[in-house]
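Here's the letter readout for the chains.
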Amino acid sequence: MSGRPGPRRRPSAPLRFLLHLILPKDEREFFLGDLQEGTRRSWRRELFGALALRISSMSPFTRRGGDMLSDLGSDVRHGVRATVRNPGFALVGLATLALGIGANTTMFAIVNGVVLQPLPYPKADRLVMLYERLPSRGLESVSISPLDFQDWRERNRSMKAMAAYRPTTVNYTGGAQPERLAGYLVSEDFFQVLGIEPSRGRGFSPDDMAADGSPVVVLSHGFWLRALGGDDAVLGHTIMLDGVAHTVVGVLPPRWRPPTESAVDVVLPIRPEPFWQTSRGYHFLYGIGRLGPGVTLAQAQSDFSSISAALEEEYPDTNRDWGAVVRSLDDALLGSTRPQLLVFMAAVSLVLLIGCANLASMTLARATARARDLSIRVALGAGRGRMLRQLLTESALLSGAGGLLGLGIAFVALKVLVAGWPTLMPRMSEVAVTPAVVLLAVVLSVLSGLLFGFLPSSSAPSERIADGLRQGARGLSGGTTRRWTRAILVSGEVALAVMLLVASGLLVRSFINLRGDDAGFEASGRLVLSTPLPRSRYPSGAEQKRFADATLTRLGTLPGVKAVAQTSLLPLSGGRNVWGYWLQVGTSTGSESDGSAVVYRVSPGYFDVMGIPLLEGRAITTSDREDGPPVAVISAKLAAHAFPHRSPIGEHMSFDPDSAEPPAEVVGVVGDIRPDGLGRTSLPQVYVPFRQRPTPDVSFVLETSVAPTSLASGVRRAVAAVDPELPIVGLQTAESLIENSISLPRLRTLLMTAFGVTALLLALVGLYGLLAYTVSQRTHEIGIRLALGASRGTILGLVFREGARLVGIGIVVGLAGAVFVSRVLEAMLFEVDVHDPMVFSAVPLFLAAVALVAILVPARRASRVDPVRTLSAAQV
Amino acid sequence: MTELDLLVLLAVQRLGDDAYGVTVLEELERRTRRTLNLGTVYRTLARLSEKDYVSARVAPPTGERGGRRKKLYRPTGTGLMAARDAVADLRRLTQGLDPELELS
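Chains as they are written, first to last, in our numbering: chain A, 1 to 876; chain B, 1001 to 1104.
If you are wondering where the hints come from, they were derived from the structure by calculation, not from laboratory data. A few of these clues could be false.
Stated by the list, open to error - Beta-carbon label-pair distances, calculated as ranges: (1) A:A721 x B:M1001: 54 to 62 angstroms; (2) A:E154 x B:P1061: 29 to 37 angstroms; (3) A:P167 x B:G1016: 43 to 51 angstroms.
Claimed, not checked - Sample of chain A residues with no beta-carbon within 12 angstroms of chain B, all distances over it, derived: (4) P24; (5) A50; (6) L53; (7) H78; (8) E188; (9) L353; (10) I488; (11) A523; (12) R537; (13) G541; (14) K545; (15) L583; (16) H645; (17) R805; (18) A816.
These numbers were taken from a predicted model, which means no experiment stands behind them. We put the beta carbon where it would ideally sit given N, CA and C, even for glycine.
Chain A extracted, bound-state conformation (with noise of 0.2 angstroms):
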């Protein structure tokens, strides 16, 4: 027994931190406590007991290392060797190798979190999204209102169960401090359509759902780790949520996800309000459902269209037009990603194949260099199959060493990617390195090892042992067979760098207009943040104007803030508040809406501190108060839209036909924004007072005279004198909500650019490889030739010639690819033609350009080969 209690060891700060950083997340705190607590016992010892914790808990897969290649002790010891003797190759093979398979494997990985692995539901096939549609204003999948839900769950024979949910946001009191969650609030029926039980606990029942039923909430297994330690006592107990007492009743499994969303952190059930009885205008749900048996996709679908014509029927004022939207969940959650995926899949698949043609290139020209080598071992008695085994040993040796380092930078880069990235694409939660992606990864090394030693091996010397014995390194100089391999090789490889390097210029070129494209307001020095206020506690207008001016006072004080405004939602910033409206024609105003726009509710003088325009008569000012008549301030889109060829100013617009409230009076015009990101067309835009219209979604813009993040912890303080519970969300500058709106633009440009530039070196490798090579075989011939009287120019001119015809022919074959690869690119270009001109021109012109270089280097050595010295070599 190691005994307690004993002298205290204190363990060294390098042995904590490796400690820390081996062990799993989840068992950290306890297994570090436990060892502090158990004082004598050895810390380092320990590291072994961690490690296999953590080995444990990641995946059942271990690896089984090197036993395949343990037969082959003496290929293995005479490869390493004749690697060690020549680093160089190795260096450039290693790295070339290790960069492929890593980036092949990083994608293989995505592709396989992302498109591949079946999404984890039992019999995850059979579950559809539902969605209404209005397709004479261009929407296709519009969430579903309440009643028409209803109707669809009691009168649809297609379905085998239907479950409605829509995702929210709660504030979570009791931890650390006040947490902003993410949630869904969702039928009874939920977790029995998407197969799914609670691994603690239990869902919900009928009685959660009624609208009176006591707060429950459902935790999902990440949450319930983080922030309650796994404590199965939680079940029972109360948690803070929006300032309310919610009961756990579940706990759900590890592998469970959202549908549709990366990640929720607690599941509420959805209790029905008063609202949704009043019209079928209302749409915030959505829909899921698991397919009868035998039903199909097509058959639900119209099951639920016909179901949609009566509705539309039945209630012609609010349901015209509308129909009903069955898609596969696996469609609704990846139709737009899959091709992405593929395209950059392919991407890294050509650099990958680039890097085994320059391998595969160099290593010829190496296997000539060794042909005395080789040749001695023939004579003496090693047979062609010895010989053939030799040289795929130690391209096997260097390519399983790049794949493991392959493995490693994928580790790395995807560690990276989930981390930054958590949004980049659905499901990016579920990317990892499972046991196919390792599998991938050696699959990759044995194909790529296979693929730059076969060729050069399988032209081994065996025949012309004499000749190789005679001649010394230059005897199998001449092979013509082996000097076209090369040569194709290279003109391939140039081929592919042109295709990658299109892919990548279009890319650029669309990030470039992207970037120019205006967000409408003025980003540089603007601090935002929200503030999203819990129901519970500001279930009333006037207590959410409450906090809004108090804040704004405070605010407004706080050092280095120039001004500051209010609004209900910040542009870009990926919320979405969309309102019908209706223009009132003389007196009255039609049953149908005249079209849609994003509603923000701001306080005056926000369109002075967001630095948005104003085109036409005034702004919202502090005249407009709750009191008074209603106004609002429309985008110039909006404007041309609704009023073509007059003044909208002092015209009116409903927002809600059926209330008693007056309609707004335009009262300005102001310059359009993109609410939801650079380079994307979007709905027009009203503003409206929100005093005359408050909410709860409550966000500031601050402007400064000092550098705006340096106020971030003086806002924190502020706000938390008003309220010293709420969560602040995204506090950030004005200018990073414009970065994180084309950030995935960005990373999809660097991607490929990073492929492009990547596929050019190693083709300029290869053609340099390749020239530098041939002229260093033929200076016996090239100083005859200059012996007999040839210019230096010609024999310049010589060398070159070869290099441009590789390069030439390379050129043609990769633009003619580039013209069929770059239409696959065409829904991620902005205001860029996947022909653009410019970039089919500048490619090659580029390329031409640096190749230059990779073959004038060689040809000066050739012009500068001294004859008398060569040919005197020669006979020695």
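Dock chain B against the given chain A, drawing on the hints supplied.
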């Protein structure tokens, strides 16, 4: 259930309300005279938890543990039943073998 599973489960049961990583480890080392490491105990507890043989709850941090919390385990009904079956199997299998195994 592996031998280690059974040993850890029994140690948890012996420790009552005080069963967590390091106490389970020390109990095992004291009673079986084996040398184990904490990682092994953690892995076994995780396995038992997965099989629903033990349940966990988190206890508040203490100074002795550097302000860290501990995770307390106790056997579930299923766990106790499984342990009982395993021990009964052992008893039946060792019956009559006492001299050879030098049990007595």
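Quick rundown of the hints versus the structure:
no.	hint	verdict
1	A:A721 x B:M1001: 54 to 62 angstroms	holds (58 angstroms)
2	A:E154 x B:P1061: 29 to 37 angstroms	violated (53 angstroms)
3	A:P167 x B:G1016: 43 to 51 angstroms	holds (45 angstroms)
4	P24	violated (9 angstroms)
5	A50	violated (5 angstroms)
6	L53	violated (4 angstroms)
7	H78	holds (40 angstroms)
8	E188	holds (26 angstroms)
9	L353	holds (43 angstroms)
10	I488	holds (54 angstroms)
11	A523	holds (43 angstroms)
12	R537	holds (28 angstroms)
13	G541	holds (42 angstroms)
14	K545	holds (41 angstroms)
15	L583	holds (60 angstroms)
16	H645	holds (69 angstroms)
17	R805	holds (63 angstroms)
18	A816	holds (57 angstroms)
In summary, the structure is inconsistent with hints 2, 4, 5 and 6 from the numbered list given earlier, while agreeing with the others.
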